[in-house]
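Residue strings, one per chain:
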Amino acid sequence: MKARVHVMLKNGVLDPQGEAVRHALGQLGFEGVEGVRQGKVIELDLAETDADKARETVTEMCEKLLANTVIESYAVEIA
Amino acid sequence: MHAAIIVFPGSNCDRDLAVAFERAGAKVSMVWHKDTALPADVDIIGVPGGFSFGDYLRCGAIAANSPICRSVVQHAEKGGYVLGICNGFQVLTETGLLPGVLLRNANLKYICKPVDLKVETADSPFTAGYEAGQVVTVPIAHHDGNYFADSETLKRLHGEARVAFTYCDNPNGSQDDIAGVLSQNRRVMGMMPHPERMSEPLQGGTDGAAMFESLVGQLTEA
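Chains A and B, in that order, are what the protein sequence lines are.
Residue numbering for the first sequence follows my numbering, starting at -5 and increasing by one per position.
Residue numbering for the second sequence follows my numbering, starting at 1102 and increasing by one per position.
Hints in this document: simulated from the structure, not taken from any laboratory.
Looking from chain A toward chain B, a few residues come up when the C-beta cut is under 10 Å (computed):
#1 L3
#2 V7
#3 A14
#4 L59
#5 N62
#6 V64
#7 I65
Lysine-lysine pairs mimicking BS3-like chemistry, simulated, CA-CA at most 30 Å apart:
#8 K4/A / K1210/B
#9 K(-4)/A / K34/A
#10 K4/A / K1256/B
#11 K1135/B / K34/A
#12 K1179/B / K1135/B
#13 K1256/B / K58/A
#14 K4/A / K58/A
#15 K47/A / K4/A
#16 K58/A / K1135/B
#17 K1179/B / K1128/B
#18 K1210/B / K34/A
#19 K58/A / K34/A
#20 K1256/B / K1219/B
#21 K1210/B / K58/A
#22 K58/A / K1179/B
We treat Cβ as the ideally placed atom computed from N, Cα and C, and that holds for glycine.
Could you put together the complete structure from these sequences and hints?
Take a look at the structure:
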């Protein structure tokens, strides 16, 4: 079973990297990009076969390690 | 006074920190990250600067979950002293011993230069060798030193006089110019600047030495 975790900076946390990307896009001539937020995707291969249990475990992983909930939010996808 | 310095793969200020403590008169033990126990009579733990585990995932995140860090947290929870410098500060925020988090510098650049810091409180064993309001020069060397905490946390830090140092000229976008913070019991401190790199004249200055002298003085009496 595969899980995919999306980690994003929370709203209100300044994202200087996203801002630099936005600026670079403008310089390339892409107009109207009003905001860029950069996050990360973490893919996990799990031995677990029960989707609910997998979600529970991956959520615990996010709380303990994969995201820093002071500044980041996360979303778990089970496939 | 016995100081233990934690060494992670990628630590690169561990020996500087050991020398600074030794110079002030402390006995120093180096402790490898895979060890699970600290020396029994340890008074203070130093978490050094560097790039523990290559800064993978987030700065300090992997180190904060290493076996030895469980002992560091237990030491702090029992009222023990911990000093985290640079990457060590990032590790301590990731363990939850200190509030907030260190984000990428606002200008996205790695900054390595001496900076002026204002001592915000002399009321801690780390800062007792300084006067509140005193300005000291200490180098910074980091890419992720932009201190962030939510407004409630900042209010609490200011209210409890737990901001230890601020930057006179904010180099990295840190909220409220914060360069170092204390725990609620004032026994855990994290700071991005490197006092251990300003501890003897050959390093270009000695403004950092007072921190180690004060720690050795206060923790030896105890």
